[in-house]
Amino acid sequence: MTTATLEASVTTASISMRGVGRVYGATVALAGVDLDLQPGVIGLLGPNGAGKTTLIRLLATALPPTEGEIHVLGRDPEVPAQRTGIRRRLGYLPQEVGFPRGFTASTFVDYIALLKEWTELAARHAEVRRVLDLVGLSDLAAKRIRAMSGGQRRRVALAQALLGSPPVLILDEPTAGVDPEQRVTLRTVLAELARTSTVVLSTHQTEDIAALCERVIVLDRGRVRYDGSVTGLVARAVGRVWLADQPDPVATVSWRTGTGRYRNVAAHAGDGVEHVEPSLEDAYLLLRGGSPEPEPTREGAS
Amino acid sequence: MTASLVAARAEPVVGRSVFTALATRELRRFAVNPVFLAGAALTAVTVWNAGRTAVTEIDTVTPYPAIYLGGFGMMAAFWQTRSMRASEPIVGTTPATLPIRTAALCTVAIVPFLCGVASLIALRLYLPVAGDWVYGAFSPSARIAVLVEQTVLPALGGPLLGVALGRWVRFPGAAFGLFLILYGWVTLVTIVSLTHPDPTQNVALRLFAPFAFFTSYENVTEVTTWRGSPWLFIGWQFALCVIAVLAALLRGAESRVRFTIVRALPMAGVAAVLLLVLATGGGLAHAVRA
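Protein chains in written order, with the working numbering: chain L, 1 to 302; chain Z, 1 to 290.
Hints are not guaranteed to be accurate.
[Said to hold, decoys possible] Now the stretches of chain L that chain Z is said to cover, found in silico as 3 or more residues with beta-carbon under 8 Å:
| no. | segment |
| --- | --- |
| 1 | 57–66 |
| 2 | 114–123 |
| 3 | 177–186 |
In case anyone wonders, no lab produced these hints; they're calculated from the structure. Beta carbons: idealized from backbone N, C-alpha and C, even for Gly.
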């Protein structure tokens, strides 16, 4: 990429990463990541330890990279004043959140709203009510967070990320512990928000990504294994997923389904098998187990 | 789901500065903290009880506001500072930087400070002292200084120390541990002064604390006034308060703010040492029994 095109991508993309890496001691969590993220929902998939949370924390300005450059909304998070500028336009839901003792859902979100510079009382209260309503917690606004279920707590944490409908929304496992009905509601909220915002969604729930995202990034061992459309990733699995009465020895992954038959996924299916339409999960598993030492690829280049 | 999504896309409505709004919030949280409320209530009860009979030893009354407002206030401020630690992944990515949040937390010291001032006024106006001799050989203004250093300054400094501790120490019992250490230290150096009040090193040792006695009592009517300047001791206490604030603000400070704090800290340290030396050398030339 030339300097001119790099500069152009920095200004047009909400988020731009160039050669970004992060090292913890001797452990390389992330290496050589180049990404340009525009408005829309971008899914982030990968096994545990793939570097998803590190990438999310870098994007959320919670962590500096040890190499490379990041620009969020044209600002450099390494510069304190610009970092504050990013944070004014950022919503972030971390993977793990603790809550202060004695806070209700409303007081917690209100406190975060204050930190996000909603200092005018009436406007802040209206915004807090709005985001709590969005995550379906209006009725529980006065309930102490510590008395809430895990899913409800997750929604409280999500509510604060939605404050002000930020142009950049970074979500790490937003639907973990959330019931199916609420997950559908949250998908609607995020899809609506993604019309104008860049929403980065890290999750193990492939169905959330299939339902919400046009673009998916698969990370493995700190590197981008796939960066492209969800349909493109699923298309890779066409003809590589089949049902059988027994686990197929050639299958990379095989499991018993609810019908009692086995769903097999492999890079090469045998002859005469009963092919089925692949899901994103199949495609992801295929990508993960398809080759022992795969090279990182980008959709356009691979 | 009835809430609007798109209509809310707007910049936050800034009515006043984040610091002011945050400080107001933290003040309100501190004012209803059960530990602080217990301290304030115990102070009120102690002062009230002290007013029921003639007081012949002022030192039997004045340490309690320091313990209850300063000590309990330190623990309350420490826990309030730590309370958002679990939410730091969220709180830490908001535009309000850690120094701004710390500065807002430091303002909570206003509450116990005002309680300390109220205690001082109550002690001066309503405490039935047996006579002016109870205050020792101090001038009327120095008597005020002794009361200020024993009631008001600890009430201010304790919570500030609690905020600094909360920013730098992870151990949940740190504030209580420090409270015990300070209590033990003041007791120890006072005991040393009881037997040998005049040596300069003993005076320095006694004043090398956030709280100090300036008198001792024997029998019922004998008061010994110790060496040291109460006014300069207040200066030393105030310098300690400044050091606590700077140490608290240093956590998470970057670039210019950090540079300023790092430069101010040694200056505050030098000022503290200077004031301690002056407080040690000031006042009476030797202990006076009356």
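Cross-check of the supplied hints:
1. Chain Z is given as covering the segment 57–66 of chain L, and this holds because 3 residues of the stretch bring a CB closer than 8 Å to a CB of that chain, at least three being needed.
2. Coverage of the segment 114–123 of chain L by chain Z holds. Counting CB-CB distances below 8 Å, 9 residues qualify, and the rule asks for three or more.
3. Coverage of the segment 177–186 of chain L by chain Z is violated [criterion: at least 3 residues with CB-CB distance below 8 Å; count 1].
Of the hints listed earlier, the one the structure fails to meet is number 3.
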